[in-house]
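Protein chains: 2
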Amino acid sequence: MKLKIAVLPGDGVGPEVTAQAVKVLKAIAQEFDHTFQFKYAPVGAVAIDETGEPLPKTTLDLCKATDAILFGAIGDPKYDNDPSAKVRPEQGLLKLRKELGLYANIRPVKAYDTLLDKSPLKRHIIKGTDICIYRELTGGIYFGEKKLSDDGNTASDLCEYTRAEIERITHLAFKSAQSRKRKVTLVDKANVLESSRLWRRVVTEVSQEYKDVKLDFLFVDNAAMQIILNPKQFDVILTENMFGDIISDEASVIGGSIGLLASASVGDYFAMFEPIHGSYPQAKDLGIANPIASILSAAMLLDHFGLFEEAELIREGVERSLKLNITTPDLNTKFNHISTSKVGDFIEDFINNPK
Amino acid sequence: MKLKIAVLPGDGVGPEVTAQAVKVLKAIAQEFDHTFQFKYAPVGAVAIDETGEPLPKTTLDLCKATDAILFGAIGDPKYDNDPSAKVRPEQGLLKLRKELGLYANIRPVKAYDTLLDKSPLKRHIIKGTDICIYRELTGGIYFGEKKLSDDGNTASDLCEYTRAEIERITHLAFKSAQSRKRKVTLVDKANVLESSRLWRRVVTEVSQEYKDVKLDFLFVDNAAMQIILNPKQFDVILTENMFGDIISDEASVIGGSIGLLASASVGDYFAMFEPIHGSYPQAKDLGIANPIASILSAAMLLDHFGLFEEAELIREGVERSLKLNITTPDLNTKFNHISTSKVGDFIEDFINNPK
Ligand SMILES: [Mg+2]
Ligand SMILES: [Mg+2]
Chain A
0 MKLKIAVLPG DGVGPEVTAQ AVKVLKAIAQ EFDHTFQFKY APVGAVAIDE TGEPLPKTTL
60 DLCKATDAIL FGAIGDPKYD NDPSAKVRPE QGLLKLRKEL GLYANIRPVK AYDTLLDKSP
120 LKRHIIKGTD ICIYRELTGG IYFGEKKLSD DGNTASDLCE YTRAEIERIT HLAFKSAQSR
180 KRKVTLVDKA NVLESSRLWR RVVTEVSQEY KDVKLDFLFV DNAAMQIILN PKQFDVILTE
240 NMFGDIISDE ASVIGGSIGL LASASVGDYF AMFEPIHGSY PQAKDLGIAN PIASILSAAM
300 LLDHFGLFEE AELIREGVER SLKLNITTPD LNTKFNHIST SKVGDFIEDF INNPK
Chain B
0 MKLKIAVLPG DGVGPEVTAQ AVKVLKAIAQ EFDHTFQFKY APVGAVAIDE TGEPLPKTTL
60 DLCKATDAIL FGAIGDPKYD NDPSAKVRPE QGLLKLRKEL GLYANIRPVK AYDTLLDKSP
120 LKRHIIKGTD ICIYRELTGG IYFGEKKLSD DGNTASDLCE YTRAEIERIT HLAFKSAQSR
180 KRKVTLVDKA NVLESSRLWR RVVTEVSQEY KDVKLDFLFV DNAAMQIILN PKQFDVILTE
240 NMFGDIISDE ASVIGGSIGL LASASVGDYF AMFEPIHGSY PQAKDLGIAN PIASILSAAM
300 LLDHFGLFEE AELIREGVER SLKLNITTPD LNTKFNHIST SKVGDFIEDF INNPK
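First to last, the sequence lines map onto chains A and B.
Its first residue numbered 0, the first sequence is counted upward by one per residue in numbering that gives the first Met the number 0.
Its first residue numbered 0, the second sequence is counted upward by one per residue in numbering that gives the first Met the number 0.
Don't take each hint at face value.
Below, in silico cross-link-like pairs of lysine-lysine (DSBU-like), each with a Cα-Cα straight-line distance of 35 Å or less [as the list claims (entries may be wrong)]:
1. K146/B - K97/A
2. K283/A - K333/A
3. K180/A - K117/B
4. K322/A - K283/B
5. K354/A - K117/A
It should be emphasised that the hints constitute simulated quantities derived from the structure, not laboratory data.
Looking at chain A on its own, in the form it has when it is part of the complex (with noise of 0.2 Å):
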């Protein structure tokens, strides 16, 4: 298979996780006779400092032109704590999103045995924890009408929904439980806010297109309650931007590792794939940053293209170097100095002779 992808490497540790990534990606280009092209660009803090935009118009012609991309991080520190900063690197991500109409994002979380002593939660809480959470990404109040009134004193944000932007992640999310233990729970505010009652309204009827799967509903705040307390009642988590954001955040302590989580941004025409850690600048160019969930990012592009056998030896490399603790430093209780490329050079070197 012939694949362009566009690698938008980042800030922080973003160049380095994705170039892991890019590694066993070429190495599974060559065992299994693909072409992967890969072509580069700038986004984020990085964009700014050299063109003044988070996302440059070249960075998006280019993602539009390929098949996939694979992204790294974005975020900087020197605009965090700056309210009057008029461009913010996160700006760049929200508009890729959006140009690309990538309105779901899909995040599994799933607490490997092998570590389940890492987790903050008690392993009787989380053994056997398989969630995917289904999270709306180009709607809601992230990119709602923003206002600042004239003497700076009065500030708002909309969240506005639309029938559509809830009917096509609930029928991605909905497929998903087909082919999982056949549950959605949908997460909401709808005792309080209309646009979750109109979420309700619209998930229970695209439901009814799918007898054989179960929905549930839960409020927003008893769900950040839930998650904690007993995450296995899960299996397709369904919510829209901001809560998913929440959420899935929450969620991703479960496994005791944010570097090993992968995300897919996936929409009509695009397909997007990134480690959901974010920039972590005070760990740039140290090596120590863990490559591995944009490792199993790279995965999740071979899956949806359908190289589900190339995605699988990843994940097996991967599971390989858990076990063998060919692991960078936040895993690694038994070797040390484990470097964020010699994690990569062990799976790129697994997938060319997989034992």
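Position chain B with the ligands relative to chain A; hints supplied.
Then chain B with the ligands, alone, in the frame of chain A:
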């Protein structure tokens, strides 16, 4: 001291647990020679059933004519899954907070040593946790303008904040931090939301008046992780209404039982005290609801009026009941069938005859 106390038992288990708090307050009045006058009024689903309104005018008038309000819980499942319902029990609570100007919701979260093993989190993660959450309660998206298009296909909610709304709760949070560990963490989403950027600006300005308190910032999605990963890092958490709803419910699981957590909702003129657990309709009239949160909210009421010794005696009674396993089934590993009112009786006895 003479206190007029409005008692609003509400729905579900509200009446049962509130009855225990009243029992305990009566014991305090007797022991310390105070005069507490209790007046009852309906709120929530029971008020809708009686009058058609979740907050009847007579209830609101009573609250305004009293010194403090002891509140039970509201909510009934018959309204939750009916998106077409025009009147909802929760509106009663929202309206009460708004009408009485109860702009700050205060929630202490503590890990009791005797209950560490009850928590879904590991012992070493939570031991020593002592957080106080200040949640803005009368602004933001829960109260913003709600719209539903005529065709029913577009819905929106507005999140709006003013400088004045932010300033007043910020002062309360910083004053509280001064008698604690001198740290305030503002939870927001300032990298995306205009309203969050206003929060960050105003809180930063107000913090200049409290040089002895350290201020730091956390994005809400990161906060949802940090509360599980390392709850001990927090002292006072300050946040807007919806973030506070989610974060404080999430934090409520730390201590291992939501049945122990009390809260205060205060404004410049009125104050209301309530357990944080909801109406828990499945448990109604079974005698299994834990009354301790309601009893501890009575203690917060006494603190509010400077009756520190009295409040402390209640807390001692509670700790004694926990130690001796005189608790409802949710906590009890030793005795069966200790009912809601038995727990109240024990703490009442303790107050009459402290040992
Ligand atoms: Mg996030
Ligand atoms: Mg809540």
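Can you give the numbers of the hints that this structure goes against, from lowest to highest?
-> The structure conflicts with hint 4 only, although it agrees with all the remaining ones.
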